[in-house]
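Colleague: Each chain, written out:
There are 2 protein chains.
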Amino acid sequence: MPEDWSSSVDLHLAVDAAGGRRAGLERALRAAIAAGRLAPGGALPSTRALAAELGYSRGTVTAAYDQLTAEGHLVTVPGSGTRVATAAAPASAPALPDAPGEPAHDLRPGRPDLSAFPTAAWLRSTRRVLASAPPGAHALGDPRGRPELRAALAGYLGRARGVRADPARIVITSGYAQALGLVAAVLRDAGTSAIAMEEPGHFFHRAIVGRAGLGVVPLPVDGEGARPEGLDRAGAAVLTPAHQYPSGATLRPDRRRAFAAWARDTGALIVEDDYDGEFRYDRQPVGALQGMAPDHVAYGGTASKTLAPALRLAWLVLPAHLVEPFAEAKLLADAHTQSLAQLVLADLIGGHAYDRHVRASRLRYRRRRDLLVETLRARAPHVRVQGVAAGLHALVLLPPGGPDEDEIMDRAASRDLALMPLRAHWHDPADRPQGFIIGYSTPLASAYKPALDALCAVLA
Amino acid sequence: MPEDWSSSVDLHLAVDAAGGRRAGLERALRAAIAAGRLAPGGALPSTRALAAELGYSRGTVTAAYDQLTAEGHLVTVPGSGTRVATAAAPASAPALPDAPGEPAHDLRPGRPDLSAFPTAAWLRSTRRVLASAPPGAHALGDPRGRPELRAALAGYLGRARGVRADPARIVITSGYAQALGLVAAVLRDAGTSAIAMEEPGHFFHRAIVGRAGLGVVPLPVDGEGARPEGLDRAGAAVLTPAHQYPSGATLRPDRRRAFAAWARDTGALIVEDDYDGEFRYDRQPVGALQGMAPDHVAYGGTASKTLAPALRLAWLVLPAHLVEPFAEAKLLADAHTQSLAQLVLADLIGGHAYDRHVRASRLRYRRRRDLLVETLRARAPHVRVQGVAAGLHALVLLPPGGPDEDEIMDRAASRDLALMPLRAHWHDPADRPQGFIIGYSTPLASAYKPALDALCAVLA
Chain A
0 MPEDWSSSVD LHLAVDAAGG RRAGLERALR AAIAAGRLAP GGALPSTRAL
50 AAELGYSRGT VTAAYDQLTA EGHLVTVPGS GTRVATAAAP ASAPALPDAP
100 GEPAHDLRPG RPDLSAFPTA AWLRSTRRVL ASAPPGAHAL GDPRGRPELR
150 AALAGYLGRA RGVRADPARI VITSGYAQAL GLVAAVLRDA GTSAIAMEEP
200 GHFFHRAIVG RAGLGVVPLP VDGEGARPEG LDRAGAAVLT PAHQYPSGAT
250 LRPDRRRAFA AWARDTGALI VEDDYDGEFR YDRQPVGALQ GMAPDHVAYG
300 GTASKTLAPA LRLAWLVLPA HLVEPFAEAK LLADAHTQSL AQLVLADLIG
350 GHAYDRHVRA SRLRYRRRRD LLVETLRARA PHVRVQGVAA GLHALVLLPP
400 GGPDEDEIMD RAASRDLALM PLRAHWHDPA DRPQGFIIGY STPLASAYKP
450 ALDALCAVLA
Chain B
0 MPEDWSSSVD LHLAVDAAGG RRAGLERALR AAIAAGRLAP GGALPSTRAL
50 AAELGYSRGT VTAAYDQLTA EGHLVTVPGS GTRVATAAAP ASAPALPDAP
100 GEPAHDLRPG RPDLSAFPTA AWLRSTRRVL ASAPPGAHAL GDPRGRPELR
150 AALAGYLGRA RGVRADPARI VITSGYAQAL GLVAAVLRDA GTSAIAMEEP
200 GHFFHRAIVG RAGLGVVPLP VDGEGARPEG LDRAGAAVLT PAHQYPSGAT
250 LRPDRRRAFA AWARDTGALI VEDDYDGEFR YDRQPVGALQ GMAPDHVAYG
300 GTASKTLAPA LRLAWLVLPA HLVEPFAEAK LLADAHTQSL AQLVLADLIG
350 GHAYDRHVRA SRLRYRRRRD LLVETLRARA PHVRVQGVAA GLHALVLLPP
400 GGPDEDEIMD RAASRDLALM PLRAHWHDPA DRPQGFIIGY STPLASAYKP
450 ALDALCAVLA
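Going down the list, the sequences are from chains A and B.
Position 142 of the first sequence, counting from 1, maps to 141 under numbering that gives the first Met the number 0, and the rest follow consecutively.
Position 371 of the second sequence, counting from 1, maps to 370 under numbering that gives the first Met the number 0, and the rest follow consecutively.
These are calculated hints, taken from the structure and not from any lab test.
A few of these clues could be false.
Which chain B residues face chain A? A few, computed with CB under 8 Å, are given here [claimed, not checked]:
1. Arg29
2. Gly266
3. Ala307
4. Leu331
5. Ser338
6. Lys448
7. Asp452
8. Cys455
Quick look at which bits of chain A chain B covers, simulated, 3 or more residues with Cβ under 8 Å [stated by the list, open to error]:
9. 42-50
10. 232-238
11. 261-270
All C-beta atoms in this analysis are idealised placements derived from N, C-alpha and C, irrespective of residue type, glycine included.
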């Protein structure tokens, strides 16, 4: 019986046989099917015909056909030879654009100077950890995270932030975002329906809490931090006591006591977001609020601002009764935060390299803070600068009557300067002060002065 | 006016002044308050009295009192000097026990031989990556993950697994558990109420899907994989086509086509869990089901079995229309999977070290598979062994009438042998076959034969 040569005559099979003829033929057949050059339902050449055409053995072609049949791409129809399985051609997938490139000047808050990442120390610790860690370190362990890091943090946080931290009550999370999301889920499961959050405050964090199904009650903020008002409508509150985000205010002591008393009296939970607590320039860092009420405060810290955000290393020190439900939620979320990074951080803390790096960073960012304040005072004296006593960002407020956030954003765009406007941080933006959150830690070392120049140019 | 010396006379302040007198005094005061030795509301010595007592300058003591006042631990009451703030003593936190130690013999499935982790290659790649990555690599980028890894995976998965992978449709996740949870959330948001899951199947994955609010429809499984039955009650299905977990069956080709046709006809989503697809011993690996219907299959892979579970490196290749909602869910979950590990894996793939490691692993586990089969045949011929053609585990079925799972678990416990019974993998365990999922990849190299000895002893 004459074979149907038509498809094999027209079929271009560009077989790359570098890795073997059979594997190459399989790849070529798959590619041809994928591209539609072998149409669904269409006949393939007989094994003998194709073998002759390609100069291969018949066994090679038969094996290739068998493999594609096992994968479901081909079917053998009795009396009809081998055909391509019937399947609709795949829709062309719209390619989503990759993230846009980095701007020339970047003063958005949220990260340290990434060129200052302690590469040598990280590498040294990585080598040490890989050489000495037990094989079990590569396995998923306790969802609370590596005991080595929890122990190191208990000591470090007690010493550096006044946190009452028992390693058994620490959970390592993949960034603070995850910690907040899991706390919100645990609260919701326990019956909480609304959480009080500072206004202005981090919009991303409101989105996380909203996705977990909790309502948000706005907490007013002034020059001395959040005001303990309207708390009766909430079962929990998220605070940034060391350096309010974004205003930069430090929470006044009597308000700390009032929030702690509310939590104790009502059984509510305070989440303390201590995102940049190690950075205080004019005096010693203010200790954590958690130290006053460890049974009612979940203390959150992170390596995002001391090391790098992309490490996804953060921790939550929990009241005893919340450890088990939180660990359960963590287990079902991603089981465990990456172990190697945890062990490296534990090693950096234990060898004091972490402390040294934080101290050096504090000096570096204090100088940047000083330059920002001087520069704005000299070249944009009409703006008001707040929150410079600590942290890695300052709030620059625009005077009423001058150019507003939109106009300044336009000017900034034309200079390829990335800025974060205050606008989105209000729960309700109508009729609010306008300004920018200036992340003076963000630019790489050599890029800082040019960024300040660009900022002054758009503010003037 | 005479100071109140009483508290200072009784007060034992063990001041460790190694780091400076003021800091040491602050630490000692905090510790005394925390331990209750300075009672709430109790008076502190005047600054002059305490300074005289300790031999410090008055300024040092005043500064320490000021710091603790700023932190809210102390209050200055006009006319009464400085007192400890009123606060209830913290409840003693019950210490949760850390995870129990490793068993002497471990044949539970879920991980490769951790002593075979490619430490040298990982370290080399880490050094290379840290030396050459742009500073932006330390920042949180596109929630889909590093473009370097997505591009490397697109090539690798196309080549090794027949996956149709466009880098724009790949999202890197912190483990497969996270990928499954996020897909479940996206499906639920889009109106899906139930998902079909293989029975027997991974109980942890059922828990993840349940927590996301989806119901589970059981998919029957036999010697040729899942059967496409009862699908009309589900809007999605999770399959393990290359090596069914836990039975080890490979999904038959016509069933692959049936599942793909169902997904195309109804718009349902198939989640393909390709957790050990690189490990096939008796012939070439079977290509991914995703290759047949890339618009209807979300293909999930992981480095957990090729490298280590604690790396939390996994990936999902999504149909085009799901990329944006999934990336949004990922962003709100933990923003981004740890970058450094992503870049290291991309480097390992690019330099072919990953392929070499997988090939070496395949050889190593094939030998273990052979030894398992021979050993059981010789020393426990009454059990049936399934699923040995691929993967890192086999299913050992117990004959009816003999000792059941409970009895064997007791025997195993007395020998410190950890086993995974089949029991919990049934959605409904009543009246089901009994057996154990033997993870022959788990023991460290020198521990494998002793583990097999222990297994034979308990099965006999």
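Colleague: Now, for every hint given, state plainly whether the structure supports it.
Modeller: Right, here's what the structure says about each hint:
1. Arg29: Since the shortest Cβ distance to chain A is 6 Å, the answer is holds.
2. Gly266: violated (12 Å)
3. Ala307: For Ala307(B), the interface hint holds, since the closest Cβ of chain A sits about 4 Å away, which is under 8 Å.
4. Leu331: holds (5 Å)
5. Ser338: holds (4 Å)
6. Lys448: Hint violated; Lys448(B) Cβ to chain A Cβ min 17 Å, cut 8 Å.
7. Asp452: violated (20 Å)
8. Cys455: Nearest chain A Cβ about 24 Å off; hint violated.
9. 42-50: The restraint on the stretch 42-50 of chain A is violated, since only 0 of its residues have a Cβ under 8 Å from chain B and three are required.
10. 232-238: Since 0 is below three, the answer is violated.
11. 261-270: violated (count 1)
In the structure shown, a violation is registered for the earlier hints numbered 2, 6, 7, 8, 9, 10 and 11, in ascending order.
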